[in-house]
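Asks: Sequence:
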Amino acid sequence: MGYPMAQHLLKAGHEVALWTNTSAKAEQLAKEGAGTACATPREVAERADFIFYCVGNTTMARNLAFGKNGLLEGAKVGSVTADCSTISPDASKEIGTAFAAKGAHFLDAPCTGSRPGAENGTLTFMVGGDQSAFESAKPHFEAMGKRLYYCGPAGNGLYAKLTQNLVLANIMQAFAEGMVLAAKNGIPAEMMLDILDNSAAKSSLISFKAPYIMDRNFSTNFSIRWMHKDVGMALECGKTHDLPLPLTAITEQMLRAAIAKGYGDDDFCSTIRVMEDWGGVEIKK
1 MGYPMAQHLL KAGHEVALWT NTSAKAEQLA KEGAGTACAT PREVAERADF
51 IFYCVGNTTM ARNLAFGKNG LLEGAKVGSV TADCSTISPD ASKEIGTAFA
101 AKGAHFLDAP CTGSRPGAEN GTLTFMVGGD QSAFESAKPH FEAMGKRLYY
151 CGPAGNGLYA KLTQNLVLAN IMQAFAEGMV LAAKNGIPAE MMLDILDNSA
201 AKSSLISFKA PYIMDRNFST NFSIRWMHKD VGMALECGKT HDLPLPLTAI
251 TEQMLRAAIA KGYGDDDFCS TIRVMEDWGG VEIKK
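By my numbering, the letter at position 103 of the sequence shown is numbered 103, and the numbering carries on one by one without gaps.
In case anyone wonders, no lab produced these hints; they're calculated from the structure. Among the hints, a few may not be true.
Derived DSSO-like pairs (lysine-lysine); straight-line CA-CA distance at most 27 angstroms [stated by the list, open to error]:
# : residue 1 : residue 2
1 : K202      : K239
2 : K11       : K31
3 : K11       : K93
4 : K25       : K184
5 : K146      : K68
Derived DEER-like restraints, expressed as beta-carbon distance ranges [as the list claims (entries may be wrong)]:
# : residue 1 : residue 2 : range
6 : G152      : M60       : 38 to 46 angstroms
7 : N217      : G33       : 53 to 61 angstroms
8 : Q28       : K138      : 23 to 31 angstroms
Every residue gets a Cβ at the ideal spot worked out from N, C-alpha and C, and that includes glycine.
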């Protein structure tokens, strides 16, 4: 995700300080415009007024911010750092407090659109934090995405993103159950898809993912492992508010089952294979 996002900032004509765990990637990317490959996150922070990063989980985000030669060691007063990852809202607020102590701004700015959205510059960002900091960073977000939602104070961008992924995961689980039920009763998969596409059950998610399932192409745009992480965090948020999320709890177990079957690094639409195994059928052309 981060690589194509940085590409769009370079294409927009910005001077971009680049860091990644794989230094060769940063060096290659730096050749595409006014880019400088940096040795550490601290060096990026020392050079940049606006910082965007995208990592896989909460631990990575904490290490990037708090670790040796991390962003906080180099953050400039008045700078704006946007975490475009999907991490724990509580951890994000803690990181934001640490940036504020240095006179710097921090935004939780998770994005949706998966790899195609990052590559095409059509991501949607959900942003929490100081609104004036968001407004100052807005032109840079616009180089990477097509829709920006300012959701309110710190953490609210993440709450919105977790809600969205909760809905996506539950829709995919319902689709898997329905398609396997239809197949068990002899309804051709392509007919069932056409029925869904021309009814109140129509879903843009299913319209996008169904062709991959039918082709048995589970190459990763967004993995089961990362979806499981996000659904787990949504459940934790529910616990914080004593809010039961019963359907989501079942979906979390189905994602866990898919990981146990060895599908964790495949696209999250491949969770259908768990239902297929139970039903003894395969959804394909």
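Asks: All hints, please: hold or fail.
Replies: For each hint, the structure was consulted:
1. Between K202 and K239 the CA atoms are separated by roughly 31 angstroms; this puts the pair beyond 27 angstroms, and the hint is violated.
2. Distance check on the hinted pair: K11 and K31 sit about 11 angstroms apart at the alpha-carbon level, within 27 angstroms; holds.
3. Under the criterion of a C-alpha separation no larger than 27 angstroms, the hint pairing K11 with K93 is inconsistent with the structure, at around 32 angstroms.
4. Proximity of K25 to K184 is assessed by CA-CA distance (about 47 angstroms); at most 27 angstroms being required, the pair is judged violated.
5. Proposed proximity of K146 and K68 is contradicted: the alpha carbons are some 35 angstroms apart, above 27 angstroms.
6. Checking the proposed 38 to 46 angstroms range against G152 and M60 shows it is violated: the Cβ atoms sit about 25 angstroms from each other.
7. Between N217 and G33 the CB atoms are about 33 angstroms apart, so this pair departs from the stated range of 53 to 61 angstroms.
8. For Q28 paired with K138, a C-beta distance near 28 angstroms keeps the hint of 23 to 31 angstroms intact.
Comparing the model with each numbered hint stated earlier shows that hints 1, 3, 4, 5, 6 and 7 do not hold.
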